[in-house]
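Now for the letters of each chain:
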Amino acid sequence: DTAVSQTPKYLVTQMGNDKSIKCEQNLGHDTMYWYKQDSKKFLKIMFSYNNKELIINETVPNRFSPKSPDKAHLNLHINSLELGDSAVYFCASSQVGVNTEAFFGQGTRLTVV
Amino acid sequence: SQQGEEDPQALSIQEGENATMNCSYKTSINNLQWYRQNSGRGLVHLILIRSNEREKHSGRLRVTLDTSKKSSSLLITASRAADTASYFCATDASGSNYQLIWGAGTKLIIKP
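Line by line, the protein sequences are chains W and Y.
Counting in the numbering used here, the first sequence runs from 1 upward without gaps.
Counting in the numbering used here, the second sequence runs from 1 upward without gaps.
The following block holds chain W by itself, in its conformation from the complex (with noise of 0.2 angstroms):
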């Protein structure tokens, strides 16, 4: 069992287009978490999500938007995209608190065209 899977693998898309990248955990863990990797492999959080709250990192545009239909899903919607947002985006979620670990999805190498 995929213990953080998300969806697509792939995705190859046009210049201001609008996309959603899916993500699900069944680890029930109560935070999740949206990465950004650039091609120099540099991690970056954009987002932390539990019931309670968002966590924006400031940096991130607001074409960038999660949404949480329940605590297992956190996905990830772009519009407007832009050349430079070509990247891999992994998904991860973690229990809060001190001293826990993080688990990934196997990411989505986003191409834009």
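Hints listed in this document are in silico derivations from the structure and should not be mistaken for laboratory results.
In this text the structure is predicted, and so the values were computed from the model without any measurement.
Treat the hints with care, since some could be wrong.
[To be verified] Derived Cβ-Cβ restraints for the label pairs, each shown as a range:
1) Lys111(Y) / Gly16(W): 32 to 40 angstroms
2) Glu53(Y) / Lys9(W): 22 to 30 angstroms
3) Ala81(Y) / Gly16(W): 37 to 45 angstroms
4) Pro8(Y) / Val12(W): 28 to 36 angstroms
5) Glu53(Y) / Leu27(W): 21 to 29 angstroms
6) Lys26(Y) / Leu27(W): 26 to 34 angstroms
7) Ile56(W) / Ala10(Y): 26 to 34 angstroms
8) Pro8(Y) / Ser5(W): 32 to 40 angstroms
Even glycine gets a Cβ: it sits at the ideal position worked out from N, Cα and C.
Mind docking chain Y on chain W? Use the hints.
Then chain Y, alone, in the frame of chain W:
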């Protein structure tokens, strides 16, 4: 912002040798974690060391933490080809709402 910095950025060694990677960070932490990322895959948690611990072992992995120097090292003993991956350190900084702050990673290549 990036807090952790891994050193070296890339490391290539022969199978069977030991591999050592270092991580430095800037602020007080609750813990420091090491993750592995195989090519095209998500990150996998390897080991967590708490701020009050100095050394931790897990199989062929040995992690040390020096909070006075704000640094950690990951040692992989008797390396195998399957250890080829990128290794990241992440810090759970005090007062960070438990958000992990990541370094840029060390790319490890094990030559058969």
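What hints, given by number in increasing order, does this structure fail?
-> 1 and 2
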